[in-house]
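J.: As a plain string of letters, each chain reads:
Protein chains: 2
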Amino acid sequence: MDEFRDRKVLILGGLGFIGSNLAIRLVELGADVTLVDSMLPQYGGNLANVEPILGRCRINFSDIRDRHGLDYLVRGKDLIYNMAGQTSHIESMTDPMTDLEINCRSQLSLLESCRENAPDVRLLFASTRQLYGRPEYLPVDEDHPTRPVDVNGVHKLAAENYFAVYHRVYGIPCVSLRLTNTYGPRQQLRGDKQGFVGIFVRMAIDGERIRIFGDGRQLRDFNYVDDVVDAFLVATFHDELAGRALNLGSPRRYSLLEFVDVLHRYCDFEHEIVPFPPEHQAIDIGDFYADSSRFTEATGWRPRIDLEEGLRRTVEYFRPRAGLYW
Amino acid sequence: MDEFRDRKVLILGGLGFIGSNLAIRLVELGADVTLVDSMLPQYGGNLANVEPILGRCRINFSDIRDRHGLDYLVRGKDLIYNMAGQTSHIESMTDPMTDLEINCRSQLSLLESCRENAPDVRLLFASTRQLYGRPEYLPVDEDHPTRPVDVNGVHKLAAENYFAVYHRVYGIPCVSLRLTNTYGPRQQLRGDKQGFVGIFVRMAIDGERIRIFGDGRQLRDFNYVDDVVDAFLVATFHDELAGRALNLGSPRRYSLLEFVDVLHRYCDFEHEIVPFPPEHQAIDIGDFYADSSRFTEATGWRPRIDLEEGLRRTVEYFRPRAGLYW
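Protein chains in written order, with the working numbering: chain V, 1 to 326; chain R, 1001 to 1326.
In short, the hints are calculated from the structure, not lab data.
Glycine residues also receive a C-beta, built at the ideal position from the N, C-alpha and C atoms.
Among the hints, erroneous ones may be present.
To be verified - Stretches of chain R that chain V covers, calculated by requiring three or more beta carbons in the stretch to come under 8 Å of a beta carbon on chain V:
id: 1; stretch: 1046-1060
id: 2; stretch: 1095-1102
id: 3; stretch: 1139-1149
id: 4; stretch: 1165-1175
Based on the provided sequences and hints, a complete structural model is requested.
T.: Here's what the structure looks like:
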């Protein structure tokens, strides 16, 4: 981890959920960190996320859709963590063009900018399991076909493919990690168009009645955000991963009902099971859990925080900070 | 084929290579045909292509990047053949943003327009083998991983995925056909940034010295344009193909040297073998031929014109029309 000392690091989406947790770690490791965030109102950027490192990193408020600014931001950087994105699957269907601009066009534009302004940079990209679509077998490994079921998945896959092409043709080292359900402190809890995890955590803390869609038996795997940050850090200098896309995930799976049961340990709320609303049903992927053994074999990484401990820390973080997050 | 009589048909890229050949067939079959073409100077649109049907179809000069015009063009249509595209792999690397606008954004914009203005339309999309990347096995079937090696392949794959998502979520019937090397009358022969087929045919007719990159042993399969037009027509009303992407191809493969040998029968020219230029080498896919048996099983389609007969007709078409095409 000493490799990060004095490295010039750019984190896109740096005030968001995973970006800010990564930023805190990198500042602690002695890196020279610049955060870029668009602060789009319905997105994850939140100044409260970087409270522990205010004054020890640079914050640049800008949108990755602005290519000209990006050209200056990438210059001289050693590492770029590309965590900015439109993350709502539902929003990608109701406003597909915005998803295209942020999750597709801006990724290509970032690579073009790096090719011209920072050809020696290393890039790490936060991708998603969503690009697999409905699993044909479980757990889903990297050989599984990619058949995205929504516009968000189409664009994340296109972005991964850009990174692979720019690695192959221009030699820019790019690694994509396909994230499963990530949760933890600094997660976006506002709104009801992100994944269920944030919505459930917020409602549990507020003591509201949680509605579970379907029958509650859908299986998922979860990664606590610190484990995901670790994964990005260990992937950074593994040259043999360049140009590849690898799964994160967890060997332990939970049904949505089991997830809610864990939440009940820390919060006082009720829950009920309701039928899927049609707009969710149309893009639901059924059971999903990932096989991350390829990434583990390459790097030694494995998740260390289980859901019980992770949700405990999450509730502990958010309970006194509700006013800052929703 | 009587199903096409009086159908209201929109062909995007209708003055281009495959679009114009399709238009001529559809007019002969009694369809009510509207052609849309941007007439971009380096692209395939050419008024000479539709000389046989001038006055028997509608021509609308416009660019599919213009969403507002598209909204009016799709209204009331029964069938849309989506053949417009940026087709140069090399150009997709030197000007990736234009490739994105045409091959990715405009496809999403077309689907959004259909969803709002023509929800009952059937869509057929001209996709490409390029999205497979370098083959891991041969012949390449539809289960082969999709690992595009250039930006063009990334975007064609994204477009296919849009069509599959819009079929699944909104019920719009969309079929993608993954074309291999298509050749024949009305092909674009200008410039040197398209595939080798057009370049070789033009140089052969002009008696120029053809340069073959590599060792000339790269294997390819070829489809004569009339066979490709047939494939789009038979796919149109096969409901079980909706939402899917299927290969075209040919059971007969030729090396580039064999291809040039066939050309020698009809034209007087010389050829030589030269090393790959680096920008071509970087995105070359090696041997490639497709397994189209899934499409054959579903529809009964198979290619009928072999390369010998197809190139004879191609040279016969272009020789007296050189001035109209280059």
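J.: If a hint holds in the structure, say so; if it doesn't, say that too.
T.: Here is how each hint holds up against the structure:
Given as covered by chain V, the stretch 1046-1060 of chain R fails the check, having 0 residues with a CB less than 8 Å from a CB of that chain where 3 are the minimum. Counting residues of the stretch 1095-1102 of chain R whose beta-carbon sits less than 8 Å from any beta-carbon of chain V gives 3, enough to reach three: the coverage restraint holds. For the stretch 1139-1149 of chain R, the proposed coverage by chain V is satisfied: 6 residues have a C-beta within less than 8 Å of a C-beta in that chain, meeting the threshold of three. Counting residues of the stretch 1165-1175 of chain R whose CB lies closer than 8 Å to any CB of chain V gives 3, so the stated coverage by that chain holds, three being the minimum.
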